[in-house]
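Protein chains: 4
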Amino acid sequence: MAIQCAIIGGSGYTGGELLRILSTHPGVEITCVTSRKYAGMPISALFPSLRGIVDINFEDYSPESLKERAQIAFTAVPHQAAMPVVRELLDAGLKVIDLSADFRLHDADVYENWYGEHSQKELLERAVYGLPEIYREKIKAAELVANPGCYPTSAILPLYPILKRGIVDSNGIIIDSKSGVSGAGRTSSSAFGYSEVNEGFKAYKVCEHRHTPEIEQELSMACGAPLTLNFTPHLVPMTRGILTTSYSKLKEDVDEQELIDILRDFYNESPFVRVLDQGLFPDCHNVRGSNFCDIGVRVCKRTNTLILISAIDNLVKGASGQAVQNMNIMEGLDETIGLQSPPLFP
Amino acid sequence: MAIQCAIIGGSGYTGGELLRILSTHPGVEITCVTSRKYAGMPISALFPSLRGIVDINFEDYSPESLKERAQIAFTAVPHQAAMPVVRELLDAGLKVIDLSADFRLHDADVYENWYGEHSQKELLERAVYGLPEIYREKIKAAELVANPGCYPTSAILPLYPILKRGIVDSNGIIIDSKSGVSGAGRTSSSAFGYSEVNEGFKAYKVCEHRHTPEIEQELSMACGAPLTLNFTPHLVPMTRGILTTSYSKLKEDVDEQELIDILRDFYNESPFVRVLDQGLFPDCHNVRGSNFCDIGVRVCKRTNTLILISAIDNLVKGASGQAVQNMNIMEGLDETIGLQSPPLFP
Amino acid sequence: MAIQCAIIGGSGYTGGELLRILSTHPGVEITCVTSRKYAGMPISALFPSLRGIVDINFEDYSPESLKERAQIAFTAVPHQAAMPVVRELLDAGLKVIDLSADFRLHDADVYENWYGEHSQKELLERAVYGLPEIYREKIKAAELVANPGCYPTSAILPLYPILKRGIVDSNGIIIDSKSGVSGAGRTSSSAFGYSEVNEGFKAYKVCEHRHTPEIEQELSMACGAPLTLNFTPHLVPMTRGILTTSYSKLKEDVDEQELIDILRDFYNESPFVRVLDQGLFPDCHNVRGSNFCDIGVRVCKRTNTLILISAIDNLVKGASGQAVQNMNIMEGLDETIGLQSPPLFP
Amino acid sequence: MAIQCAIIGGSGYTGGELLRILSTHPGVEITCVTSRKYAGMPISALFPSLRGIVDINFEDYSPESLKERAQIAFTAVPHQAAMPVVRELLDAGLKVIDLSADFRLHDADVYENWYGEHSQKELLERAVYGLPEIYREKIKAAELVANPGCYPTSAILPLYPILKRGIVDSNGIIIDSKSGVSGAGRTSSSAFGYSEVNEGFKAYKVCEHRHTPEIEQELSMACGAPLTLNFTPHLVPMTRGILTTSYSKLKEDVDEQELIDILRDFYNESPFVRVLDQGLFPDCHNVRGSNFCDIGVRVCKRTNTLILISAIDNLVKGASGQAVQNMNIMEGLDETIGLQSPPLFP
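Residue numbers (our numbering), protein chains in the order written: chain A, 23 to 368; chain B, 23 to 368; chain C, 23 to 368; chain D, 23 to 368.
You may find that some hints are simply not true.
No copy labels: a pair is met if it fits in one copy or bridges any two.
Said to hold, decoys possible - Restricting the straight-line Cα-Cα distance to at most 25 Å, the calculated cross-link-like pairs of lysine to any residue (SDA-like) are:
#, residue 1, residue 2
1, K323, G194
2, K323, E230
3, K186, R286
4, K227, L272
5, K271, C229
6, K271, L249
7, K227, M63
8, K323, Y226
9, K323, D277
10, K271, H231
11, K273, N193
12, K227, R286
13, K273, G194
14, K227, L302
15, K273, L249
16, K59, L302
17, K323, A130
Since the hints were derived computationally from the structure, they do not count as laboratory data.
Here the structure is a predicted model, which is why all the values come from computation and not from measurement.
Chain A extracted, bound-state conformation (with noise of 0.2 Å):
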């Protein structure tokens, strides 16, 4: 029997791409799509691409009314505003897949500096941090997944395994990453209009973006110690991808196939993670579309650093494409079905 979902904020990217995956998932019935805006209106009057194969209309969000209407639902709507929803949602029976930033911090003091107030503490504890790569058996048993931020899907994916087994100082690691348009959302801020993005390139939010304390946790975890880390987000004119250079300094001699074995290693059952052979890197184009992270290892002998390239798509494995990996993880299906489509390149 087919597994109820609801999407809850379903008109944005997110939402878009979540229907995009889910209505061909040959195990799930998408029964609820919410939309304060646009309630009572076609889901294809805003996403026409959908035409023909989503034809229900969105509604307004009744936490009651789902109770018998699904077992799970996704949450795409922005952080500060997701907490209490997913509080509603898991009152009225539902597991809850929060692709919000509202769950991803343990620590409610950092949310706090670098969100504002969080008024479901209590949840936190049992919220499980969504990157099955590294928390598959958690989210086996998780009833609130807190689905990861995109920088930071492709930040710590590469480098979790390498910390994790100290080659690197865990001092000094710079992140620097470049992501696709799609990740600021559907807005109407001018700002993403454009004649304005269209042949520019700049960084913004320089060591002042939130996905930071988010990197820092995860990969404080992997090295078993706190550590901070510079992190600089790019906007480049492309819609869809994120790359990711991360550069550390070796405290070891090794060379790139060793480390290319390593994480291999770790991501043995881990199917999206695609390590490149030696000598070749990820361009996002080979991603797009699909849930697959790719990375790339060079070892720089003349400075002894380590410099780490991975790309996702990030509406896919930066968001809900890996929403569904966990849905998959939680409902105890192969973590695969629904995102084997390969990337679309060109």
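Mind docking chains B, C and D on chain A? Use the hints.
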């Protein structure tokens, strides 16, 4: 049992797109992918997006060896080069779907006027023009299907039912098409270099594009008499997609909803044609990566002109997706199998 | 002595483009740039590209204060809003070049059909349509110049001389235009967000774009009798540029070189019109950032159709560059001053 | 009297950019543009944007014939090919500005490690590194100027004054650069085809790009001791622009405004360097088509890291604009002549 497929000439974009689509097609096994230039090389070396998905090597073309290994072949080699290959494959007992122009024109003289000498004229009669929405029944029984060109697909689908009904003047039709750059293939021509194309827009091959006779052939069939028309292709700085805007003179007083109904009626059994509601018009991004053809209708009362606008993905409905649709029909499968992934928006 | 110029409504793209051009114009001093929204803010806060080049602040609009500070004003405010401003500036003794649509249409009824009420009808007679290649003499003496729309500029320049000579049928002209996104202005509409426009292509306002009557007015003048035509704009994923492809029926047997000669003859004294050699066609990237209009000519003998293709930069020849050209003429300067920078390719 | 200039190797993007800039330079006459491949062809056949602006033909390279026709030559041929040409031109009595890498590195051994054999080592001492903001005085007297690479220009300008003051650790500097595609030249390589690059993003030549020793040479000069650093270039789907983000460890407690003041002080006499106000960061679109280098400063107190971000147009300040700036200095002109057009935004 899986249908065994060969792809002849698999290193270009249409070859890659066949691989993308067929690799997740549940009824198919890809047994052979040839490339003169890259024989022996892993396919994923040329298409890193397919790493872990298609794990075989390119091989040399050998019709003999294909006899035992494939029932059906997709030929994705340039026109003129396709002719002898198609002959050999047919002789070896395979069904063939030819993505070149070599078997699209029924009249060898027309072919020779636009393309050059035709060495396999006797095959022209056996070839079925592979536009399933019009020739589905013939395709079912075909051994050789001539897969339509990308521009013709986008031009014929909206106009065919209208011309068949005699609603517009068959003289003076203007077809103004705009194509993404992938239509030029995986070329090393500097004319299609990124910096040459980006932020540019131009018409090309004005009044002399080889898809003109193909469109004329099919629309002449629709209205039952020979017609000539104007076809102007343009190059759009985007990777995938064709938008075709056609202008024709209305012979009778008919309103938009009637025309929409005529089109919907004609394509009633054709799941890949989406005729949009009145007032809505297609956008290439709503069909990207999919086999859909979206059609919008406008009647200009001031000038008594019918404007039909259609959008397809040139690599899918304009090439490889349509080829797989043809294969499904030839093999007695549901024609949508393997082609159900929703468009990738944004 | 420098001509003192004011820009009314300087925060949009046409305002920014006026600043870019005028800041290096040797005969001009920019004395005032107004913006209701940004009054008091440095211009370079909104246009960081002009940092160190234009170092004044936006100010509030006050017609009184302009009397002493400017001889000529460019009004770059939306249509409808422009009317009263133009009146006040004229009353204050300034010459005005209006970049809105408010004074382009000679017939107030036509204006009111397409745009809404006109409150300054008595000014319509005083306004000169600011296409210098056609109305240069009138512009010399004008106090109010209505700067043409971007699409009309691209459509009128190639067709005017041809229609004036009666070479084509004035009925049934099809104008299929394609514009870059900056034509939508510096908008916060989510419809022009990067991820919405990028990798998309569509027609919009099919048969109902407000530039239609403007094109019809001028081409009717050319042929000496009222005409109606079809105008379809499309949105191209690029920032700058318009390419217009027009189709008209030849009334006589004329070849391409003759038509090229007719155009070259007509634009003999017009340095910004470049009529291309036979077989060459325009590309938007060859006029980017410049005031040029490139024109290519094709005769289709098969269908007896004349195809004219033109390219302009919508923000320069389609707006601010043409406005400066008009100013030069009104002030008795060489019309190319300040407009001599070559196009920026690539 | 006009300075007579020759461009050797004028068919690529840097050649075209020299033509664009020099064609409106009031003190210059272009007397000769060579191209082995296109000799005899009008320049505007290859650069239609220059139609009506540059109306001469490409010719064959002949050092003899240049003696009488030019005082100064720009050599825009590939590295290795430039060496003998530069020698011949100097012998013929011309001053030379070489846009290749052949004379940038003072140490022939370093050159040979990264590029291949050097056949004109004795010229290395006569060559001046053409970064006017640092070597203006030497350039005034130079006969041979080695025009800097695009990446080095963007990396050296922000870091030089900081390293000179000893504010950061000269070890462990990370330079993460992102370049538009025109940096690859007007190539026919399929790797730079539109569909390959568009909607992609990747790092390339990781730890092995040839601009590394050039950056190290100049930054070693700044701090007075040899340093090694990490340089990673990335390819951005845009035509023009380089953004460079560098990371270095602060040795002292210094705040952003102090660093801004140090940079502004150092570049006090350098009109093309714009050091942005605190909190502002560069965007490539704000320098497009101009000779500016914009610099932004961020201190990360959490990790004690200095982040410097710079933006240039790779074809202007990163190549041809800087070459013209050098020419102006060598010829005793104001260094901004011919380079005063504001950036083209949007």
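Against the structure, the hints come out as follows:
no., hint, verdict
1, K323 with G194, "both (18 Å within a copy, 13 Å between copies)"
2, K323 with E230, "between (31 Å within a copy, 11 Å between copies)"
3, K186 with R286, "within (14 Å within a copy, 44 Å between copies)"
4, K227 with L272, "between (28 Å within a copy, 20 Å between copies)"
5, K271 with C229, "both (20 Å within a copy, 14 Å between copies)"
6, K271 with L249, "both (14 Å within a copy, 16 Å between copies)"
7, K227 with M63, "between (36 Å within a copy, 22 Å between copies)"
8, K323 with Y226, "between (31 Å within a copy, 17 Å between copies)"
9, K323 with D277, "within (9 Å within a copy, 33 Å between copies)"
10, K271 with H231, "both (23 Å within a copy, 20 Å between copies)"
11, K273 with N193, "both (11 Å within a copy, 16 Å between copies)"
12, K227 with R286, "between (33 Å within a copy, 23 Å between copies)"
13, K273 with G194, "both (12 Å within a copy, 14 Å between copies)"
14, K227 with L302, "between (30 Å within a copy, 10 Å between copies)"
15, K273 with L249, "both (16 Å within a copy, 20 Å between copies)"
16, K59 with L302, "between (46 Å within a copy, 21 Å between copies)"
17, K323 with A130, "between (41 Å within a copy, 22 Å between copies)"
In terms of the numbered hints stated before, the structure departs from none.
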